[in-house]
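Line by line, the protein sequences are chains P and S. First residue of the first sequence? That's 1 in the working numbering, and the numbers climb one at a time after it. First residue of the second sequence? That's 1 in the working numbering, and the numbers climb one at a time after it.
Source of the hints: derived by calculation from the structure; they are not laboratory data. A quick note: this is a predicted structure, and the numbers were derived from the prediction, not measured. A couple of the hints might just be wrong.
Chain copies aren't distinguished; within one or between two, either way the pair holds.
Cross-link-like lysine to any residue pairs, in silico, SDA-like; alpha carbons within 25 angstroms at most [stated by the list, open to error]:
1. K178 to A18
2. K11 to P61
3. K178 to G129
4. K178 to D39
There are 2 protein chains.
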Amino acid sequence: VASDLTTFALKLAAAARAETLPRWRDGVAAEHKGDGAFDPVTDADREGERVMRALIEQHFPDHGVSGEEFGVTGGTSPFTWSLDPVDGTRSFMCRLPTWTTLIALLENGEPVLGVIDAPVLGETYVGRGGQSWLYGNENNVEVRTSGCTSIDDARLSTTDPYLFNEPRPFERIRERAKVTRYSHDGYAYACVAAGSLDLVIESGLKAHDYTALIPVVRGAGGYIGDWNGGEDFGPGQVIAAATRELYEEAVTLLSE
Amino acid sequence: VASDLTTFALKLAAAARAETLPRWRDGVAAEHKGDGAFDPVTDADREGERVMRALIEQHFPDHGVSGEEFGVTGGTSPFTWSLDPVDGTRSFMCRLPTWTTLIALLENGEPVLGVIDAPVLGETYVGRGGQSWLYGNENNVEVRTSGCTSIDDARLSTTDPYLFNEPRPFERIRERAKVTRYSHDGYAYACVAAGSLDLVIESGLKAHDYTALIPVVRGAGGYIGDWNGGEDFGPGQVIAAATRELYEEAVTLLSE
């Protein structure tokens, strides 16, 4: 991917942030004043996607767009943008800080650039061409996973333990892991890339939820795959791990 | 409580923050470089408590201190400080943002002043004398709970659904609640005070975990009590709710 596309992806994230962050700061409070017609999460989702789509149409009119809110617009080039303006809607609703904006660029269907932007935390994670970076408030640093290779040492995360159809496979891993945290949605994958979490296991993800995560985790040296040892993300069962060894151990434990 | 004690409590929070926040920012990354002897959470906990105890000894030598790390120092006045330098150790370990420093002032054993300081988020919640405030980066605002009176409308939080000896009572509430979030420890009680969460249900809390929360929740118009409809926090079963009605509904559902 050309670096001007990375610059453009960061511009998309900044445009979305200008719509989402003020609604999170002020809107959630406003909702509680009893005006039931006002829904800051839906507003943030819609307006965030609207400004990103407008920029893509303006700068890359031949690119396709697939957005969580406004669906698919076909393109005439090999490039398509996948946009999820607010990933972690439930955290946003509760004014919790780890919701993100997810942006991916696909080339012939393969994610080649991923952005995980955490507006409240002032952190933007970018994965591209086998490298990942944290663009923070102060400086940009390349990020790497922890290198953890064993469940027994792993800091584990999943968004909601009640979302699994069969809770037992996840629980087998949770019982072995060093520590488990919940409720962090796409931000947890950025933490795997940055080395502060080692393993994320989830089910029920949609394409807009996982596409941007793939280049970020891979660029940091991590491994991301499905629950069966492959890369069929379509059914929404995703594992991201600091290393391939840890990923394989998770796959084995899930299938026991 | 005299307002100079509030000012002093904020000074304690700032002193602890100077020890904890840099260790969270830099130390968690350092740990992953493989130096197993280095433990940023334990360091932050110890050094955070050490600076707070030193300030109390210097300014109020007759006050007692009960700290999570260094135990109890008796005083000769009716006042005792309860200190938990890092509440949410597991979030700190995973470089997640919602860990807090909890500071309470007890007068004859009753918590009369509470501080929930969230260093990463730049938010300090203070409860005292039937009022609560958010001291933020920009300005100080009085906070109030949402006023939510029904489980069906409630945004629910608990730190870890696997910490309950009997999971079923909590699950009955979770199944009714509008949305449930996990892993936020003491910060969730600040969210109840500020109106962005409505209900927190936990078990296994120690005195340092809950004492500071009580004035913050009460000062914002919320209700905090035990699982049996009383105020016996000793066994560590705590419910914080936006309103007394919501608290009572939770008590009823938990006991069914």
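Tested hints:
1. Proximity of K178 to A18 under the C-alpha cut-off of 25 angstroms is found in neither arrangement, the shortest distances being 38 angstroms within a copy and 28 angstroms between copies.
2. With identical chains, the CA atoms of K11 and P61 are at most 25 angstroms apart within one copy only, with a shortest distance of 16 angstroms there and 55 angstroms across copies.
3. Taking the shortest alpha-carbon separations for K178 and G129, neither the intra-copy value of 32 angstroms nor the inter-copy value of 41 angstroms comes in at or below 25 angstroms.
4. With identical chains, the CA atoms of K178 and D39 are at most 25 angstroms apart between copies only, with a shortest distance of 15 angstroms across copies and 38 angstroms within one.
Consistency note: the structure conflicts with the earlier hints numbered 1 and 3.
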